[in-house]
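Peer 1: Go ahead and model the full structure; you've got the sequences and the hints to work with.
Chains as they are written, first to last, in the UniProt record's numbering: chain A, 1 to 359; chain B, 1 to 524.
Be aware that one or more of the hints could be misleading.
[Unchecked claim] Within a straight-line C-alpha distance of at most 20 Å, the following computed SDA-like cross-link-like pairs (lysine to any residue) qualify:
{"no.": "1", "chain 1": "A", "residue 1": "K110", "chain 2": "B", "residue 2": "G432"}
{"no.": "2", "chain 1": "A", "residue 1": "K110", "chain 2": "B", "residue 2": "R441"}
{"no.": "3", "chain 1": "A", "residue 1": "K20", "chain 2": "A", "residue 2": "G39"}
Everything labelled a hint here was simulated from the structure, so no lab data went into it.
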Amino acid sequence: MRTLQLTGIRASHPRTPVLKDVDLTVPAGTTTAVLGPSGCGKTTLLRVIAGFMRPEAGEVRLGDELVAGPDTWVPPERRGFGYVAQEGNLFPHLDLAGNITYGLPRRERKDRARVGELLELVGLPADFATRRPDQLSGGQQQRVALARALARRPGIVLLDEPFSALDPELRVATRDAVAAALRHENATVVLVTHDQAEALSFADQVAIMHAGRFTQVGAPPVVYRTPADRRSATSLGEACFLPGSLVDGAVTCALGTLPVSAATGSGACEVVIRPEQLHLSDPTPTAPLALVTRTEYFGHDALVELRPLHAPTGEALQLRARVPGGATPSVGDTVAVHVMGEAHILTLEPTTTLAEHGA
Amino acid sequence: MPTPVGPAPSPASRPAPSGGSGSSPWLRVAAIAVALLCVLPLVVVVAKALESGVGEALALVWRPRVGELLRNSVSLVVLTGVLSTVIGVGAAWLVERTALPGASFWRVAFVAPLAVPAFVNSFAWSALVPGLEGLAGAVIVTTLSYFPFVFLPVAALLRTVDPGLEEASRALGHGPWRTALRVGLTQVRPALLGGVLLVSLHLLAEYGALEMLRFPTFTTAILDQFEVAFDSRSGSVLATILIGLATTLLTLELLARGRTRHVRLGSGTARRAPRARLGRATPLALLGVLALTVLALGVPAWSIGTWLSRSDQAMEPTDLGPALWSTLGLGLVAALLTTIATLPAAWLVARSRSWVAVLLERVTYLAASLPGVVVALALITLTITYARPLYQTVFALVLAYVILFIPRAMVATRAAIAAVPPELGDAARALGDSPVRAFVRVQLPLMLRGTLAGSALVFIAVTTELTATLLLAPTGTRTLATAFWDASAALDYAAAAPYAAALVVLSAPLTYVLLRGNHEEPLT
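Peer 2: Structure below.
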């Protein structure tokens, strides 16, 4: 169980830079999810860590050991990382026992008890050992791929979108089984995914990647509630962006005057509010009013698109509220909007500096 | 015999694989060396032809004899090409797209003629119809021997192609015939062109069958010249013209193929095309396929059978033993060496689509599309000039086999390698294997089957090879093919029959390999 540390990683495919100065620390025994759209470089990052690709610059450290650096290159087979790819990549010519014991020294490969243990660890019956990969469903294959990676007791496990090829129900079940197995092994884990829910629920730390850089790294609630910029905000879920002005630790915007998290100074700003922070009710004399322009009904909840009736800036603002499915208003209704919790300031142009300039 | 030219379908583009599965410099060096080896005959023959100047070479070209040979070769290629197309496509449509009774039987019956070497087939026909010769005889026999080259890929395509396009055409108001013409034919075009190209290359390279039917072409003329005069320069001039013809055919096929996208199919489409009902035409269709089977299989079977039963009274009692053993030995050694020589380039082509890899593949195909006689002639020239001790040795003979049959192994080996995802190599390395160990434990076992199928194809090709063997075999070394040839040249049909039977028996597995082979590679 060791800390994984990346510093200044740069890597490129022929003629296209993919990773631009990436830094990341994954503390020992924790899970970090690298979240980003396809093509952002997250798989390349994983391949650099695993040793399938050599970075052009930067260092990869495992604990105190340098595994990739300007003059150092440890090939993947000697890094001792566990690696589970999107398709599982089970060896089709070997049965499950053969697959799981593949990475073990020859004399340990006969140990059927260990195979059974590993299968049970990932939630499969021990008597699956003699089955062949093509007799398994996609989710089962992924679990075996994890068992195979865990057989060598790797300090670090790298997961490359291991659940994305599975259908939604299977995905959740497989994810839970994998998470339990990884917790049991107390492994340091890096998960690459483009699924925000997966990243938020699976990881202790979320690293949001865009165009070869991390835009924000932090604990899931922190990154979700206080995104660093618009892109980080939207990559974790729906978000409403509102212009406003910050005065004395509160922001005034189309939804009234709202408390903000950790803000000093004053000036024009942009705040972000998550849809579930907006609660709707029948019009009241005090709360700001909005017109329902569209609804999207999901059963357990619904997304409601709103246009504030009295936007101070005069802009046509669009807001989204997430409401319980049973409380979905109709299009054309006028509702009162209440904001729960704090707004988060994305950008701020301090007025004091402007004033000083003017003086 | 020339070797098939694979219409290299480009593998799905994927990011460059890593983990040692890429192109190590050694792999490249080995692949380039093999490609150079394949080009060698071409260079040697052309150089020899131009040895005493272009003028003299042209004088050798500009002869009435050459004109006659050219006329013969072209008319044979055109007539047999057209007939093979009509018969091959017609048979494929009947078998795969109509409710013809016994489709799976006919499918085998129309591939099986490939197990009868053309020179054995012409022997069978000559024995049955003594007067059969000239253009008519040549067209009949070669068509019956080679139409499976068209049937096989077209049938495979018709069987697996998604009927969606045809349904769309019907929905847009076209009847079945217009649909077949406007959609069906377009879809089978790549397979058809590949098949016709293969037939044509075989015709240019054919020696035994045409010599027996007394129909002179460039290949027979080169061998005659060689036997009579040992005049390797005028032989080389003829061989150069032959190279020109083969290259023209390859180019024509490439142009005709045009920018049509190669029809690539996933593993098994869910839906099969509906079979057309033949109704009252059923007896007629049955009669047609029956007649074709009788002509293509029945005649050789009957002929060989008849003479086999008379071989007790042959002038000389036939001793199969030595010829059989030397044939098997040569076949095994050549198959092994060819497969090994193929691996580096096949690996490069399957794993990276770099231009070096593509060029290497094309060069290998082009060079090996040359008739066996060209390769043999080049190796004779080379050994006599530079390596006299190797002249007429098993070494030179096996080398010729390797050069001739690399593409057979290449098509199969490349497909076998491409079928193993490179990610499996990564997975093995992440589990602690060095690149070499990962190859031995994962890739090798997975690609072994396909590679062995390629080796089997080479083995069969070697055991039935006649032309190069006649020219290169050490004195006293008799293979089944050359022993058969000697006996049938002496018109001793009874003595030839056992060899013919042995050749057919050795080739029979070819039918099986081709039928169950990867049909996305139409030309195996």
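Peer 1: Quickly compare the C-alpha distance for K110 (chain A) and R441 (chain B) to 20 Å and report which way the hint goes.
Peer 2: Holds: K110 (chain A) and R441 (chain B) sit about 17 Å apart, inside 20 Å.
Peer 1: Would the hint linking K20 (chain A) and G39 (chain A) be met if the CA-CA limit is 20 Å?
Peer 2: holds (14 Å)
Peer 1: Check the hint pairing K110 (chain A) with G432 (chain B) against an upper bound of 20 Å on the C-alpha distance.
Peer 2: Holds - the C-alpha atoms of G432 (chain B) and K110 (chain A) are around 18 Å apart, at most 20 Å.
Checked against the numbered hints above, the structure violates none of them.
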